[in-house]
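J.: All chains should be modelled from the sequences, with the hints used to inform the complete structure.
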Amino acid sequence: AAGVIQSPRHLIKEKRETATLKCYPIPRHDTVYWYQQGPGQDPQFLISFYEKMQSDKGSIPDRFSAQQFSDYHSELNMSSLELGDSALYFCASSLARVYEQYFGPGTRLTVT
Amino acid sequence: GQNIDQPTEMTATEGAIVQINCTYQTSGFNGLFWYQQHAGEAPTFLSYNVLDGLEEKGRFSSFLSRSKGYSYLLLKELQMKDSASYLCAVRDRQAGTALIFGKGTTLSVSS
Chain A
14 AAGVIQSPRH LIKEKRETAT LKCYPIPRHD TVYWYQQGPG QDPQFLISFY EKMQSDKGSI
74 PDRFSAQQFS DYHSELNMSS LELGDSALYF CASSLARVYE QYFGPGTRLT VT
Chain B
7 GQNIDQPTEM TATEGAIVQI NCTYQTSGFN GLFWYQQHAG EAPTFLSYNV LDGLEEKGRF
67 SSFLSRSKGY SYLLLKELQM KDSASYLCAV RDRQAGTALI FGKGTTLSVS S
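For the protein sequence lines, the chains are A and B, in the order given. So for the first sequence, my numbering puts the first residue at 14; every next one is plus one. So for the second sequence, my numbering puts the first residue at 7; every next one is plus one.
A few of these clues could be false.
[Stated by the list, open to error] Listed next, the in silico SDA-like pairs over lysine to any residue satisfying Cα-Cα at most 25 Å (straight line): (1) B/Lys63 - A/His42; (2) B/Lys82 - B/Gly34; (3) A/Lys70 - A/Arg22; (4) A/Lys35 - B/Lys82; (5) A/Lys70 - B/Ser114; (6) B/Lys82 - B/Ala101; (7) A/Lys70 - B/Thr50; (8) A/Lys70 - B/Gly34; (9) A/Lys28 - A/Asp98; (10) B/Lys82 - B/Asp58.
Derived from the structure by calculation, the hints contain no laboratory data.
T.: As structure tokens, this is what we get:
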């Protein structure tokens with residue numbers, strides 16, 4: 014079965030640079046979620062989209078923005094990167110907002 | 007706010023049964039999820055409980071008591087590949103669709 018696709022899988026950036034992470038949800042899933050997981054930490058919810066509209070907002074810094082496009086894929090844009098942004102970024106998708114979330118393989122972002 | 011507690015580490019042997027407990031405090035409970043996560047990999051969905059009782063799925067079962075704010079994940083016939091972190095997550099109406107994760111329980115299965 015098709016799963017959530019994330020790209021790139023690994024990304025290395027320098028401080029103050031920008032990064033764009035992409036997420037392609039499971040076909041027919043209309044809800045996308047972004048989570049950040051630091052080393053040894055639990056996943057922290059950043060933001061979600063339902064039917065191309067922002068649904069809920071968590072602990073997403075103002076330096077980050079995201080959107081969901083007409084084909085339901087989503088992009089997380091990160092600017093003025095800081096060392097503390099180094100983490101695994103997971104995208105998850107679900108069918109509507111009430112069902113279980115399926116996670117993608119993640120993007121490992123390293124900021125140097 | 008939300009508060010989710012689960013043991014940090016557990017150990018067990020192959021073929022055994024292990025129960026991982028999770029207690030939570032939320033103002034608008036709207037479902038509890040269990041995920042398995044191997045180091046550096048994505049969380050994998052295991053189970054979902056929204057009503058009281060036991061949900062069984064193969065070697066894995068999950069139980070929920072809403073009045074007690076309590077859930078457990080039961081793993082039977084443990085295999086070495088079950089060594090992983092097990093994350094308890096709740097959905098709270100105040101947080102909308104977000105999953106609020108506990109710190110996770112690292113399970114080590116030995117032969």
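J.: Next, verify each hint and record whether it holds.
T.: Verification of the supplied hints:
Note on B/Lys63 and A/His42: the hinted pairing holds, with a Cα-Cα distance of about 23 Å set against a maximum of 25 Å. As the CA atoms of B/Lys82 and B/Gly34 are separated by approximately 31 Å, the hinted pair breaks the 25 Å bound. Annotation: proposed proximity of A/Lys70 to A/Arg22 holds, straight-line Cα distance about 24 Å (limit 25 Å). At most 25 Å may separate the alpha-carbon atoms for a hinted pair to count; A/Lys35 and B/Lys82 exceed this at roughly 37 Å.
Using a Cα cut-off of 25 Å, the hinted pair A/Lys70 and B/Ser114 is violated, with the two alpha carbons roughly 35 Å apart. The straight-line distance between the Cα atoms of B/Lys82 and B/Ala101 is roughly 33 Å, outside the 25 Å bound, and the hint therefore fails. Simply put, A/Lys70 and B/Thr50 have alpha-carbon atoms about 23 Å apart, close enough for the 25 Å limit, and the pair holds. Only pairs whose Cα atoms come within 25 Å are accepted, and A/Lys70 paired with B/Gly34 is accepted, the gap being roughly 17 Å.
Using a Cα cut-off of 25 Å, the hinted pair A/Lys28 and A/Asp98 holds, with the two alpha carbons roughly 9 Å apart. For a cut-off of 25 Å, the pair hint linking B/Lys82 to B/Asp58 stands: about 21 Å separates their Cα positions.
Checked against the numbered hints above, the structure violates hints 2, 4, 5, 6; every other hint is satisfied.
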